[in-house]
Amino acid sequence: MRLAQHMAVASDRVRATAIEATEFPELSRSYRVSAVPKIVINDRVEFEGALPEAQFLDAVLRAAADAA
Amino acid sequence: MAFLTDRDQDAVRQEFTKLAGPVKLVVFSQELEAAELCRQNEALVREVAALAPDQVTVEVLNPVIDRERAEGYGVSRVPGIVVEGARDYGIRFLGIPGGYEFSNLIDAMIVASSGEAAISAETKTALAGLTSDVDIKVFSTPT
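Quick mapping for you: the protein sequence lines, in order, are chains A and B.
Following our numbering, the numbering of the first sequence begins with -10 at its first residue and continues without gaps.
Following our numbering, the numbering of the second sequence begins with 12 at its first residue and continues without gaps.
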């Protein structure tokens, strides 16, 4: 969540939501969360585990490119 | 019931010396939906806010009663928290922020207080070029 929330502050385009998976089982199911942290960007690009900043950014840009 | 031990409180107070401006925590609670979780979430937020009372304010909204504002924030689930600084930067927590997410909540408050993201200049430049909205969901568990 740390990188995501800093990106949200850096860009008006970015929103970051931390979701406590056990409290929202229906959301966790619909996003097929089996390991945490699981990151889902624009409901399209997803990965598990922490990524270095450059790779996290790549995932964000990929998700944004898909949306455009 | 207190959530934070004396040691936790000291650590958070220490972190809060980095607060650079006012922070507002908008808490979303709805007793009918998740009474106990909402009560605990609200209590935790109030404990945190009490550690920097001059800079941190708390507002509690009910997504059903305060529907328009909740929709404005894009929050329909409870318990939830929006972390605002000089403006709403788009930082939300759904569920009680425990474990790692507690550290992230404190970090979110600090970054929102200044509006200065601690990421590289390259990342900032790339994000400045975004032409569509990006929604990042981070699923985690308290342990």
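Hints are computed from structural coordinates only; laboratory data are not their basis.
Using N, Cα and C, we set each Cβ at its ideal position, and we do this for glycine too.
Mixed in with the good hints there might be a few duds.
Computed Cβ-Cβ distance ranges for the label pairs, DEER-style [as the list claims (entries may be wrong)]:
| id | chain 1 | residue 1 | chain 2 | residue 2 | range |
| --- | --- | --- | --- | --- | --- |
| 1 | B | 75 | A | 11 | 21 to 29 Å |
| 2 | B | 26 | A | 18 | 21 to 29 Å |
| 3 | A | 42 | B | 142 | 36 to 44 Å |
| 4 | B | 131 | A | 54 | 29 to 37 Å |
| 5 | A | 14 | B | 42 | 39 to 47 Å |
| 6 | A | 39 | B | 18 | 24 to 32 Å |
| 7 | A | 18 | B | 47 | 30 to 38 Å |
| 8 | A | 55 | B | 87 | 34 to 42 Å |
| 9 | A | 11 | B | 13 | 21 to 29 Å |
| 10 | B | 61 | A | 47 | 21 to 29 Å |
| 11 | B | 64 | A | 55 | 22 to 30 Å |
Results for each hint:
1. 75/B x 11/A: 21 to 29 Å: About 24 Å separates the Cβ atoms of residue 75/B and residue 11/A, which means 21 to 29 Å holds.
2. 26/B x 18/A: 21 to 29 Å: At 35 Å between Cβs, range violated.
3. 42/A x 142/B: 36 to 44 Å: violated (21 Å)
4. 131/B x 54/A: 29 to 37 Å: violated (20 Å)
5. 14/A x 42/B: 39 to 47 Å: This hint is violated: roughly 20 Å between Cβ atoms.
6. 39/A x 18/B: 24 to 32 Å: With Cβ atoms ~26 Å apart, the hint holds.
7. 18/A x 47/B: 30 to 38 Å: violated (22 Å)
8. 55/A x 87/B: 34 to 42 Å: 25 Å Cβ-Cβ, so the 34 to 42 Å window is violated.
9. 11/A x 13/B: 21 to 29 Å: holds (22 Å)
10. 61/B x 47/A: 21 to 29 Å: Given a distance of about 40 Å, which is not inside 21 to 29 Å, the answer is violated.
11. 64/B x 55/A: 22 to 30 Å: violated (44 Å)
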